[in-house]
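Enquirer: First to last, the protein sequences are chains U and L. Just so we're aligned, residue 384 is where the first sequence starts under our numbering, counting upward by one. Just so we're aligned, residue 2 is where the second sequence starts under our numbering, counting upward by one.
Don't read these hints as lab results, they were simulated from the structure. A quick note: this is a predicted structure, and the numbers were derived from the prediction, not measured. Some hints here could point you the wrong way.
[As the list claims (entries may be wrong)] Here are the simulated lysine-lysine pairs, BS3-like style, with alpha carbons at most 30 angstroms apart:
hint, chain 1, residue 1, chain 2, residue 2
1, U, Lys-567, L, Lys-114
2, L, Lys-66, U, Lys-543
3, U, Lys-585, U, Lys-567
4, L, Lys-171, U, Lys-535
5, L, Lys-105, U, Lys-569
6, U, Lys-442, U, Lys-569
7, U, Lys-582, L, Lys-72
8, L, Lys-99, U, Lys-543
9, L, Lys-114, U, Lys-514
10, U, Lys-543, L, Lys-178
11, L, Lys-114, U, Lys-581
12, L, Lys-178, U, Lys-636
13, U, Lys-514, L, Lys-66
14, U, Lys-628, L, Lys-76
15, L, Lys-166, U, Lys-569
16, U, Lys-442, U, Lys-493
17, U, Lys-520, L, Lys-66
18, L, Lys-76, U, Lys-500
19, L, Lys-178, U, Lys-581
20, U, Lys-569, L, Lys-99
21, U, Lys-514, U, Lys-585
22, L, Lys-114, U, Lys-500
23, U, Lys-520, U, Lys-569
24, L, Lys-178, U, Lys-535
25, U, Lys-520, L, Lys-72
26, L, Lys-178, U, Lys-500
27, U, Lys-535, L, Lys-66
28, U, Lys-485, L, Lys-91
29, L, Lys-114, L, Lys-99
30, L, Lys-66, U, Lys-567
31, L, Lys-72, U, Lys-514
32, U, Lys-569, L, Lys-76
33, U, Lys-493, L, Lys-99
34, U, Lys-535, U, Lys-485
35, L, Lys-76, U, Lys-567
36, U, Lys-628, U, Lys-569
37, L, Lys-91, U, Lys-535
38, U, Lys-543, L, Lys-76
39, U, Lys-569, L, Lys-114
As a plain string of letters, each chain reads:
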Amino acid sequence: MATHAGRSLLCLGRIRASGLGLQGPLSRVTYATHVSTRSSSGKTGLPTRGGGKLGRRPKRAPGDPRTEKMPVDQDWTAVYPAAAPFRPGSVPLPVRMGYPVKRGVPPEKKGNLELIKIPNFLHLTPAAIRKHCEALKAFCTEWPSALDTDAKCDEHFPVKTESTDYVSAGPSVRNPAARVVRLKVKLSCLNLDDHAFKKMLKLVGERYCRDTDTLTITADRCPLRQQNHDHATYLLTVLYHESWKTEPWEAQKSVADMEEYSWEDSPSQRNLVDTLVRAEGEEVREQLLGRREVHEYKDSVTRLKNEGESERTVMLYKEAVKKVLDL
Amino acid sequence: MSSTVVLRTYKVPRALGGCSGNKKCHVIRSRRPLASSTFFHSATTFLSKPSLITVTEEPDTLFQKVSLLVKGHDKSVLDSYELFATMAAKELGITISKVCDLPKDTERFTLLKSVHIFKNHRVQYEMRTHYRFVELSHLTGSTAQVYLEYVQRNLPEGVAMEVTKIAMEKVPDHILKPMWEEDPIDKKISQ
Numbered sequence: 384m385a386t387h388a389g390r391s392l393l394c395l396g397r398i399r400a401s402g403l404g405l406q407g408p409l410s411r412v413t414y415a416t417h418v419s420t421r422s423s424s425g426k427t428g429l430p431t432r433g434g435g436k437l438g439r440r441p442k443r444a445p446g447d448p449r450t451e452k453m454p455v456d457q458d459w460t461a462v463y464p465a466a467a468p469f470r471p472g473s474v475p476l477p478v479r480m481g482y483p484v485k486r487g488v489p490p491e492k493k494g495n496l497e498l499i500k501i502p503n504f505l506h507l508t509p510a511a512i513r514k515h516c517e518a519l520k521a522f523c524t525e526w527p528s529a530l531d532t533d534a535k536c537d538e539h540f541p542v543k544t545e546s547t548d549y550v551s552a553g554p555s556v557r558n559p560a561a562r563v564v565r566l567k568v569k570l571s572c573l574n575l576d577d578h579a580f581k582k583m584l585k586l587v588g589e590r591y592c593r594d595t596d597t598l599t600i601t602a603d604r605c606p607l608r609q610q611n612h613d614h615a616t617y618l619l620t621v622l623y624h625e626s627w628k629t630e631p632w633e634a635q636k637s638v639a640d641m642e643e644y645s646w647e648d649s650p651s652q653r654n655l656v657d658t659l660v661r662a663e664g665e666e667v668r669e670q671l672l673g674r675r676e677v678h679e680y681k682d683s684v685t686r687l688k689n690e691g692e693s694e695r696t697v698m699l700y701k702e703a704v705k706k707v708l709d710l
Numbered sequence: 002m003s004s005t006v007v008l009r010t011y012k013v014p015r016a017l018g019g020c021s022g023n024k025k026c027h028v029i030r031s032r033r034p035l036a037s038s039t040f041f042h043s044a045t046t047f048l049s050k051p052s053l054i055t056v057t058e059e060p061d062t063l064f065q066k067v068s069l070l071v072k073g074h075d076k077s078v079l080d081s082y083e084l085f086a087t088m089a090a091k092e093l094g095i096t097i098s099k100v101c102d103l104p105k106d107t108e109r110f111t112l113l114k115s116v117h118i119f120k121n122h123r124v125q126y127e128m129r130t131h132y133r134f135v136e137l138s139h140l141t142g143s144t145a146q147v148y149l150e151y152v153q154r155n156l157p158e159g160v161a162m163e164v165t166k167i168a169m170e171k172v173p174d175h176i177l178k179p180m181w182e183e184d185p186i187d188k189k190i191s192q
C-alpha cells in the first residue's frame, strides 16, 4: 500500500512540475508510461491529501499475515535469503520484546520497533549456513597433512609474518593501522656462528627476546602493507649479512662489552688464586686451576653473574666457597 | 521470491523511491553488497559453469593462526555471531583452537545536565564494548580468504572486527649463507 501511494504521489508531483515547464523532454518520456498505467487504474491527477474526498476506492482490508499460511516444514532460507529487517508478518514465532509497563508483559511483535532495531540472524540459520558452506567448499584448499603440529611448522617455516585487518562501519573502509607488519623469526633457525650471533644481538637491541629466542621486526614506515613486508625482509637480510662481517674496531671489545661473564682473567680468579697461594705456598699456583673445588667455585660465580641472584645460585656459591677454603 | 507479494510492511526508503513494485528492495548498509543471496540463489547456475574456479600454480600462503576479535555493544548479538562463525568454520573444515569471551570495556563520562549553570546537577553516560575472540589454526590462503569474506559480509550492523593473521614463510634464499664467503673482495673493502 505504501508503494502505491508513494508512486502516485511521485507522479502527481512530476506532472505539476512539468506543467510549470521546468524539465526537458526526458522527464516527460519517463512519466508518460507512469501516467498511462495510473490512469488505467482509475485515479485522476488531482491531489487527494488530507481533507476532501478520501479517494473513490475504499482501502483494501489487510489480509492474514503470511505466518498463518506457512507450513511447518517450509524452506526458511527462502523466507529470509539475505539480511533483512524483522518482519512480524513473516516470522511465525510469538516473540515479545521490550520493557513491560506496570502489571504488563513485554509488547508483542506487531509494530515493535525494538525487534526491528536489533540486528537479526534470521538469514543465518544452521540450514542456511550449511547451504552457503556447500557452495563455498569448492573454493577452499586443504591444509598439507604433513604439517599437523606447530613444531613441524616452525621447523620448515620459521619466519612468521603477522598483520592485522580491520572491519568496521564508518565514513571510510580503510584503517591506517592495517599497514603494520611484524616479522618474527627464531635466531636458532638462521645460519649464525658465535660472533655473528653476538653481533646480531647488539645490532637489534630490544627487538630480541631471550626467553623465546625470537627476533621481532616491526615495519610501519611505509604506507602499504606489501611495502612494509618487503622492508622488514630487507632489514632481516641486512642484519644477517652485517652480523657476519668483522669490522677492525671490533678488536677493541672490552670486558664491559661482553654479553656474558667469563671467569678467566677476572678479578675473582685473581683473588682466589692469591688467597690459596698465600694459604698453601707459592708452588701450588699452577695446580690450582686443575682442582675440582676451584672448578666448582668458578661455575658458581659464573652462574651468579649470568643468571642473577636467586636462592639456588647463592646456596651453590656458599657450598663452593666452603669447599675451596676447607671450612 | 514470489512476485505476487506486492504488500510490503516497511516504508519505501527515500533512496529507493523509483523502485518498481515487484522487485525486492534491499536496504544497503556500509557498502557491503549482500552476496549471500546471490550465492545461494545462483548456486546451481554457478556450479554448472566450471570456469568460476581457477587453479593457479602460485603457491598458497599458509596461515598458522587466524584470530578474530569481534567488538560490539550488545552481548547477545555477539553470541549469535559467534555461533554463526564457529558453525561456518566447522562446515568448511577449519580447526577452531580457541573461543573465549574477553572482559568488557566501559567508557564513562559525566556531563552537566543543564545548558546553563546548575553545576551540581550532572548526568552520567557510559558506553560498553563487549568482545569475543575466536582463534582458528592451520588455514591455507584460499580457505582463509573464503572464510573471512563470508564471515565479514555477514557481520551485523554495529559490530566491528579485527583479524590478525600469522603467515608462515621459509627462510629467504639470500639469508641461507653470508654473502661474504662468495665475495671476499667486499669484505676487504669494508675492512
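Enquirer: Each of the hints needs a verdict: does it hold here or not?
Expert: Each hint tested on the structure:
1. Lys-567/U with Lys-114/L: violated, 52 angstroms
2. Lys-66/L with Lys-543/U: Holds, because 10 angstroms separates the two Cα atoms, which is no more than 30 angstroms.
3. Lys-585/U with Lys-567/U: holds, 17 angstroms
4. Lys-171/L with Lys-535/U: holds, 12 angstroms
5. Lys-105/L with Lys-569/U: violated, 35 angstroms
6. Lys-442/U with Lys-569/U: violated, 77 angstroms
7. Lys-582/U with Lys-72/L: violated, 43 angstroms
8. Lys-99/L with Lys-543/U: holds, 20 angstroms
9. Lys-114/L with Lys-514/U: violated, 53 angstroms
10. Lys-543/U with Lys-178/L: OK: Lys-543/U and Lys-178/L at ~20 angstroms, within 30 angstroms.
11. Lys-114/L with Lys-581/U: violated, 63 angstroms
12. Lys-178/L with Lys-636/U: holds, 26 angstroms
13. Lys-514/U with Lys-66/L: holds, 26 angstroms
14. Lys-628/U with Lys-76/L: violated, 57 angstroms
15. Lys-166/L with Lys-569/U: holds, 18 angstroms
16. Lys-442/U with Lys-493/U: Given that 30 angstroms is the threshold and the Cα spacing comes to 20 angstroms, the pair holds.
17. Lys-520/U with Lys-66/L: Holds. Lys-520/U to Lys-66/L sits at ~20 angstroms (cutoff 30 angstroms).
18. Lys-76/L with Lys-500/U: holds, 15 angstroms
19. Lys-178/L with Lys-581/U: Between Lys-178/L and Lys-581/U the Cα gap is close to 17 angstroms, so the pair holds against 30 angstroms.
20. Lys-569/U with Lys-99/L: holds, 25 angstroms
21. Lys-514/U with Lys-585/U: violated, 56 angstroms
22. Lys-114/L with Lys-500/U: Measuring from Cα to Cα gives roughly 27 angstroms; hence the hint holds.
23. Lys-520/U with Lys-569/U: Violated. Lys-520/U to Lys-569/U sits at ~35 angstroms, over the 30 angstroms cutoff.
24. Lys-178/L with Lys-535/U: holds, 23 angstroms
25. Lys-520/U with Lys-72/L: Measuring from Cα to Cα gives roughly 28 angstroms; hence the hint holds.
26. Lys-178/L with Lys-500/U: violated, 62 angstroms
27. Lys-535/U with Lys-66/L: It holds: about 14 angstroms lies between the C-alpha atoms, which stays within 30 angstroms.
28. Lys-485/U with Lys-91/L: Roughly 45 angstroms separates the two Cα atoms, so the pair is violated.
29. Lys-114/L with Lys-99/L: violated, 45 angstroms
30. Lys-66/L with Lys-567/U: holds, 14 angstroms
31. Lys-72/L with Lys-514/U: holds, 27 angstroms
32. Lys-569/U with Lys-76/L: violated, 39 angstroms
33. Lys-493/U with Lys-99/L: violated, 40 angstroms
34. Lys-535/U with Lys-485/U: violated, 64 angstroms
35. Lys-76/L with Lys-567/U: violated, 35 angstroms
36. Lys-628/U with Lys-569/U: Roughly 20 angstroms between the alpha carbons, so the hint for Lys-628/U and Lys-569/U holds.
37. Lys-91/L with Lys-535/U: holds, 24 angstroms
38. Lys-543/U with Lys-76/L: violated, 33 angstroms
39. Lys-569/U with Lys-114/L: violated, 57 angstroms
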